[in-house]
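Line order of the protein sequences matches chains A and B.
Just so you know, the UniProt record's numbering puts 73 at position 73 of the first sequence, and the rest follows in order with no gaps.
Just so you know, the UniProt record's numbering puts 35 at position 35 of the second sequence, and the rest follows in order with no gaps.
It is possible that some hints are incorrect.
[Said to hold, decoys possible] Okay, derived cross-link-like pairs now, EDC-like style, lysine to aspartate or glutamate, Cα gap no bigger than 20 angstroms in a straight line:
(1) B:Lys-228 / B:Glu-304
(2) A:Lys-318 / B:Glu-304
(3) A:Lys-318 / B:Asp-229
(4) B:Lys-318 / A:Glu-121
(5) A:Lys-24 / A:Glu-278
(6) B:Lys-318 / A:Glu-301
(7) B:Lys-177 / A:Asp-92
(8) A:Lys-317 / B:Glu-304
(9) B:Lys-289 / B:Glu-304
(10) B:Lys-132 / B:Asp-92
(11) B:Lys-164 / A:Glu-170
(12) A:Lys-90 / A:Glu-104
(13) A:Lys-20 / B:Glu-313
(14) B:Lys-317 / A:Glu-278
(15) B:Lys-212 / A:Glu-35
(16) A:Lys-177 / B:Asp-169
(17) B:Lys-318 / A:Asp-139
(18) B:Lys-317 / A:Glu-104
(19) B:Lys-133 / B:Glu-170
(20) B:Lys-318 / A:Asp-229
Worth flagging that the hints you see were computed from the coordinates, not collected in a lab.
Keep in mind that this is a model prediction, so the values were computed, not measured.
2 protein chains.
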Amino acid sequence: MSNILLLSVGTRNKIIQYFKENNKSGKVIATDMSEIAPAIYEADKHYIVPRITDNNYLDIILDICKKEKMDGILSLIDPELSLLAMNKEKFDTLGVKIVGSSYELCEMSLNKINMFNWLNEHGYNCAKSYDKKEEFYKDLDNGDISFPVFVKPVEGSASILISKVDNRDEIELLFSKHDGLMIQEFLKGQEIGADVYIDLISKEVVSIFTKKKIVMRAGETDKSVSFKDEKLFALIKKFVKEAGYTGQIDIDIFDVDGDYYISEVNPRFGGGYPHAYECGVNNIKLIYKNLNGEENEYSSEYEEGVYMMKYNEVCMKKLGE
Amino acid sequence: MSNILLLSVGTRNKIIQYFKENNKSGKVIATDMSEIAPAIYEADKHYIVPRITDNNYLDIILDICKKEKMDGILSLIDPELSLLAMNKEKFDTLGVKIVGSSYELCEMSLNKINMFNWLNEHGYNCAKSYDKKEEFYKDLDNGDISFPVFVKPVEGSASILISKVDNRDEIELLFSKHDGLMIQEFLKGQEIGADVYIDLISKEVVSIFTKKKIVMRAGETDKSVSFKDEKLFALIKKFVKEAGYTGQIDIDIFDVDGDYYISEVNPRFGGGYPHAYECGVNNIKLIYKNLNGEENEYSSEYEEGVYMMKYNEVCMKKLGE
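Work out the full structure: start from the sequences and follow the hints.
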């Protein structure tokens with residue numbers, strides 16, 4: 001069986017548990033920069049490492065790979081995906097396969113304007129996006145877009161600094177206070193999450209799971225319900241193939257009156273992946289088969305109408321023991 | 001063993017699990033208005049009930065108590081605490097004991113200005129609070145308070161609509177947009193949570209657990225570490241006794257350069273109670289003893305320096321089955 005290194009695991013305990021369940025003879029090793037990242041305690045062994053921006057970070061990870069005879073590696077946080085992809089050759093030399101996408105795709109997925117430009121040029125429905133407010137005002141005057149719109153950072157994680165905005169004054173205020181902002185069309189529709197695995201050997205989509213996200217009031221934990229639509233599956237296959245993603249990805253999609261809009265891609269396990277796994281969509285097994293040199297066949301066997309509801313579990317630890 | 005009804009359980013799965021663990025022969029029954037509240041599926045039996053503001057709500061709860069021969073009842077959400085307390089006699093008639101505080105204390109705890117006035121009049125350290133911005137401006141001009149301050153709703157839950165504010169313009173903007181706001185001094189210090197149980201029979205504090213909250217970046221799940229300080233325990237005992245709380249309560253406290261400031265009281269199980277329970281502070285057992293007519297003795301046996309780290313567990317359900 002293969003040994004795998006999971007980086008920056010944070011609170012993603014379920015993911016580590018799933019890797020352990022599917023790997024009875026190999027090692028599952030986890031890293032994090034914090035001793036109070038609960039997911040490290042699920043692994044067979046863990047390492048506390050520096051922040052990913054530290055000069056020695058990459059060498060430390062490569063050393064762990066060598067020492068622990070790792071066969072595969074993946075990260076659970078966005079800013080680390082490009083770092084791994086950029087250093088693919090160094091991992092290749094050690095015989096360590098990165099479960100992830102190319103450097104160019106990791107970078108594109110992080111930058112909402114680059115993503116928009118790609119989607120737009122390739123003819124996919126997507127939310128209109130502007131990094132220059134003058135271009136937005138021009139479209140506003142032409143009637144091509146209307147308030148409300150979202151103002152959000154071009155790069156960076158989901159919910160930080162996102163504002164729903166109703167007028168020019170608020171846009172001027174936000175753009176004067178912060179750099180690196182963009183304006184994005186407000187899509188009114190059902191939000192959908194897709195968990196997709198693209199075989200590392202054949203480069204074919206071999207697993208798709210889609211769920212409707214159930215929006216709750218603030219602070220409420222996530223809930224979602226599984227569903228299938230062949231039209232959506234066909235769109236996902238076409239998009240993923242054309243863009244060239246590989247490994248595990250998570251796609252945010254909106255259903256606007258029956259038309260699917262691609263909103264965002266995270267080229268890693270999304271926070272909602274446990275829904276797929278608990279419905280029998282076991283992409284961890286597919287990863288281990290790939291690390292073992294075997295190709296996977298396409299399958300999307302799961303039941304529709306199954307709800308996932310998150311709640312808080314606790315991990316207890318006396319440190320220094 | 002006693003039968004207990006837990007209301008509006010939402011995502012509080014751990015609490016239901018703890019009641020089940022401590023009650024092998026009695027029934028644990030849960031309610032919620034939603035079928036996708038995962039905690040209902042932990043109970044021996046559950047009821048889907050209307051919203052608490054529904055005219056029939058109280059009668060439906062009383063009917064469940066009668067039909068299921070309940071001995072005790074408690075709610076896990078703030079707006080329901082007063083409703084139960086207000087109708088204490090109706091529950092008494094059915095032989096159902098409310099695990100909670102008096103109507104007056106539930107109402108006072110919900111309203112941050114009333115709470116401030118009480119604390120201030122009784123000589124406790126607490127954050128200066130103003131529901132009239134003119135009074136705040138007066139103190140600001142006198143140098144009795146300075147920016148930044150918090151603007152938050154006088155009533156209502158923790159994180160909704162709370163802003164950290166740096167100048168008069170922002171205060172004017174917020175007060176012009178929303179009703180029911182207040183201004184609160186920004187306390188710079190270590191945030192502490194206390195889980196306290198006050199015996200329903202002797203009215204004495206019989207259990208205290210305190211933890212330091214570890215503040216993380218947005219979106220990160222809660223972490224905390226257990227500690228003990230006799231000075232803090234003495235303050236908690238004095239405050240709780242003087243105010244007259246009963247049953248389980250959760251107190252937010254700030255340690256500002258060695259002085260303890262009381263910030264907020266929730267007269268129910270707080271979201272961080274699993275930390276106490278997992279450290280052996282089993283207030284559920286105390287509740288069952290009280291329901292059985294027995295008084296509890298004071299104890300605060302737990303280890304310091306134990307970390308609690310939350311992570312997401314998932315509950316899966318195909319509805320309509």
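Here is how each hint holds up against the structure:
1. B:Lys-228 / B:Glu-304: Roughly 7 angstroms separates the two Cα atoms, so the pair holds.
2. A:Lys-318 / B:Glu-304: Cα-Cα ~9 angstroms, so holds.
3. A:Lys-318 / B:Asp-229: Answer holds: Lys-318 (chain A) to Asp-229 (chain B) is near 18 angstroms, not above 20 angstroms.
4. B:Lys-318 / A:Glu-121: The given pair, whose Cα atoms are some 40 angstroms apart, is violated under the 20 angstroms limit.
5. A:Lys-24 / A:Glu-278: With Cα atoms ~19 angstroms apart, Lys-24 (chain A) and Glu-278 (chain A) stay inside 20 angstroms; holds.
6. B:Lys-318 / A:Glu-301: holds, 16 angstroms
7. B:Lys-177 / A:Asp-92: violated, 58 angstroms
8. A:Lys-317 / B:Glu-304: holds, 11 angstroms
9. B:Lys-289 / B:Glu-304: violated, 26 angstroms
10. B:Lys-132 / B:Asp-92: Given pair Lys-132 (chain B), Asp-92 (chain B) is violated - Cα atoms ~41 angstroms apart, limit 20 angstroms.
11. B:Lys-164 / A:Glu-170: holds, 18 angstroms
12. A:Lys-90 / A:Glu-104: holds, 17 angstroms
13. A:Lys-20 / B:Glu-313: holds, 16 angstroms
14. B:Lys-317 / A:Glu-278: holds, 10 angstroms
15. B:Lys-212 / A:Glu-35: Between Lys-212 (chain B) and Glu-35 (chain A) the Cα gap is close to 16 angstroms, so the pair holds against 20 angstroms.
16. A:Lys-177 / B:Asp-169: Given pair Lys-177 (chain A), Asp-169 (chain B) holds - Cα atoms ~15 angstroms apart, limit 20 angstroms.
17. B:Lys-318 / A:Asp-139: violated, 45 angstroms
18. B:Lys-317 / A:Glu-104: violated, 39 angstroms
19. B:Lys-133 / B:Glu-170: holds, 12 angstroms
20. B:Lys-318 / A:Asp-229: The hint holds at about 18 angstroms.
Hints 4, 7, 9, 10, 17, 18 from the earlier list are contradicted by this structure; the remaining hints agree with it.
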